[in-house]
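A.B. asks: What follows is the residue order along each chain.
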Amino acid sequence: DAKTTQPPSMDCAEGRAANLPCNHSTISGNEYVYWYRQIHSQGPQYIIHGLKNNETNEMASLIITEDRKSSTLILPHATLRDTAVYYCIVRVVSGATNKLIFGTGTLLAVQP
Amino acid sequence: DTAVSQTPKYLVTQMGNDKSIKCEQNLGHDTMYWYKQDSKKFLKIMFSYNNKELIINETVPNRFSPKSPDKAHLNLHINSLELGDSAVYFCASSQEVGGVHFGPGTRLTVT
Numbered sequence: 001d002a003k004t005t006q007p008p009s010m011d012c013a014e015g016r017a018a019n020l021p022c023n024h025s026t027i028s029g030n031e032y033v034y035w036y037r038q039i040h041s042q043g044p045q046y047i048i049h050g051l052k053n054n055e056t057n058e059m060a061s062l063i064i065t066e067d068r069k070s071s072t073l074i075l076p077h078a079t080l081r082d083t084a085v086y087y088c089i090v091r092v093v094s095g096a097t098n099k100l101i102f103g104t105g106t107l108l109a110v111q112p
Numbered sequence: 113d114t115a116v117s118q119t120p121k122y123l124v125t126q127m128g129n130d131k132s133i134k135c136e137q138n139l140g141h142d143t144m145y146w147y148k149q150d151s152k153k154f155l156k157i158m159f160s161y162n163n164k165e166l167i168i169n170e171t172v173p174n175r176f177s178p179k180s181p182d183k184a185h186l187n188l189h190i191n192s193l194e195l196g197d198s199a200v201y202f203c204a205s206s207q208e209v210g211g212v213h214f215g216p217g218t219r220l221t222v223t
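Order-wise, the sequence lines are chains A and B.
Residue numbering for the first sequence follows the numbering used here, starting at 1 and increasing by one per position.
Residue numbering for the second sequence follows the numbering used here, starting at 113 and increasing by one per position.
Quick caveat, the hints were computed from the structure, so don't treat them as lab data.
Bear in mind that the values here come from a model prediction, so they are computed numbers and not experimental data.
We put the beta carbon where it would ideally sit given N, CA and C, even for glycine.
A couple of the hints might just be wrong.
Under 10 Å between C-beta atoms, here's a sample of chain B residues computed to sit facing chain A [said to hold, decoys possible]:
no., residue
1, 145
2, 202
3, 212
Could you build the full structure based on these sequences and the hints that come with them?
C.D. replies: Okay, structure coming up:
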């Protein structure tokens with residue numbers, strides 16, 4: 001699975017959009033981009049995933065560049081409860097296994 | 113309506129003891145996992161089961177033995193506990209392309 005690079009930490013004002021970048025320059029054509037977050041002491045929470053096209057769900061939007069070497073997770077209106085470590089993971093979806101390799105992630109601190 | 117549940121939430125025990133952590137998912141997923149998060153907060157996969165069959169075993173000491181009585185349950189038994197086993201253990205489940213759903217975690221402290 002390809003390696004990802006994320007900034008260790010970011011701040012965002014409450015109510016503003018939080019844009020979390022991720023570089024995955026060695027991504028392969030069949031690797032998906034997944035985003036998870038972990039709020040202190042809780043289990044990681046799935047947010048969104050995509051292959052080529054931009055994706056949106058009730059939690060966030062995922063923007064993947066045309067060359068697929070980087071992506072941005074957008075939380076449109078950050079709240080204090082969005083303070084968490086956000087993990088960007090790229091992986092091949094291969095049948096029975098869904099092995100996630102977590103890096104160190106980005107600690108997003110939403111400020112009041 | 114907890115999707116992935118684990119018991120117990122906290123487990124404090126002495127070195128050398130044997131303990132088990134139970135996990136159940138009600139999502140109808142075929143694949144279940146155990147992940148370990150150490151004191152430095154690194155999350156690492158330990159095991160993966162698909163339809164009760166072991167798929168992934170990530171060089172975990174054989175003191176750790178997962179057991180899957182059916183595809184909704186994956187329990188983790190640990191023999192001869194050591195200080196280094198202290199961590200948070202997360203159970204998870206998934207269905208192919210979709211996201212992996214994690215349980216709330218079990219904080220194991222070995223004294």
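A.B. asks: Any hints from earlier that this structure breaks? Give me their numbers in increasing order, please.
C.D. replies: Those not satisfied: there are none.
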